[in-house]
Amino acid sequence: MLHIINKSPLSNGSLDSCLRVTESGEILLIEDAVYAAAKGSFLEGKMHEVMGKVKIHVLMPDLEARGLADRLIAGITPVDYGGFVDLVAASKNCQSWL
Amino acid sequence: MSEIKKFMFVNRKAPYGTIYALESLEVVLITAAFDQDVSLAFLDDGVYQLKKGQQTKGIDTKNFSPTFRALDGYDIEKLYVEKESLALRGLSEADLLVDVTVLDRKEMGKLMGQQDVVLSF
Amino acid sequence: MKFGIVVNEGPYQHQSSDSAYLFCKAAIEKGHEVWRVFFYHDGVNNATRLTEPPQDDRNIVNRWSKLAEEHGVDLVVCVAAALRRGIRDENLAPGFRISGLGQLVESGIQTDRLVVFGD
Amino acid sequence: MPQIEVNGKNYETDEEGYLINLAEWNMDVAKYIATTENLTMTDNHWEVINFLREYYDEYQIAPAVRVLTKAIGKKFGAEKGNSQYLYELFPYGPGKQACKVAGLPKPTGCI
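Chains as they are written, first to last, in the numbering used here: chain A, 263 to 360; chain B, 3 to 123; chain C, -8 to 110; chain D, 371 to 481.
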């Protein structure tokens, strides 16, 4: 299952909620959720922990737009919109944690 | 209709503060007419949609919570509430205005994974 | 693969309409079909032809209309949500049509994947 | 906004004749709306109208025709719980026409 997160986990609980119920699968960070993919925030340690059980992807155009493309946490997979499409196609289903 | 799909409506937003909960319920009622396998999941602030005793006169807004009790007549009987979301809000099953199945977080995640279509608003 | 898309927010206020559009474009470029985009909640505001953004900004409404024209994407606006928000046939941009919520359910039934964009 | 006059009092309706202020509904208004729909109200009509109003009171929605049919059958017997019976009473549809007479919101026809 692909989980799509679009809110900054630094100020919103949707990534936490997703991780609470999700044991495995893939997470894609888009829109303001991409801040979680940048090094140096208070969430970085947690992201490393999370990467142990779920695979994390980030929509690069959104990270670039926010000036953080050079701070991508190692181990988070960058994708473009085409990659976003591929992820949806490859998963049985997807859920947007709005 | 060729096949029956598993539809899940994931409700994570509180009522009244925004319109999402109300308009989500409107989709659920329509979906009932399509003979699909429909379930509703309530997580996070979405559990507040089911709180008993909502009184909306003072905010001049329609109280749509009684509509959840009509779902049974629409043959929508699968209502799931995540246990942790309830507990975090100091609520229990007795506070809810309809019969639901309470699932723990892992069971909820598993159920989501089994769906064909997940709609969240 | 056949995709269904749901857009729950209006243009300009929230990025979801942009994300949905760019997703559709990428899907089509990859040879997939975008079968229908369904506009719900404030998403119905994507359909008004009265929108007039500054010239140096993207024209979100025109962009959708073009997608419908060039790739036959079915742009459906929920009638109940539209009536609430003053979107009617009179101010509908080309390529959009107003119809019932059943069209959203149908998207879920007829497509291989349904992706929701919203707030 | 269009108005209808019943017993010397004016009631606002929308362009299709649905009552705007649902709280203003009364039986005389219902009878008046019924005549505009070419309906001759019988006990069987009232049974459905009252049922719809009770349903709305309890659940805050007008039931889908399928749901109404089932519920009517359960309450008043199987011979009434079929769409043919309801369409005979309300030829333009128990959803649209009966809701109009019952003073309920116009079904948005979302299918």
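FYI, nobody ran anything at the bench for these hints, they're computed from the structure.
Since we're looking at a predicted model, the values are computed, not measured.
Honestly, I wouldn't trust all of these hints.
Here are a few chain B residues that face chain D, going by a calculated C-beta distance under 7 Å [unchecked claim]:
hint, residue
1, 18
2, 19
3, 55
4, 69
5, 72
6, 82
Backbone N, C-alpha and C fix where the C-beta goes; we use that ideal spot for every residue, glycine too.
Tell me the numbers of any earlier hints that the structure contravenes, in ascending order. 1, 2, 3, 6
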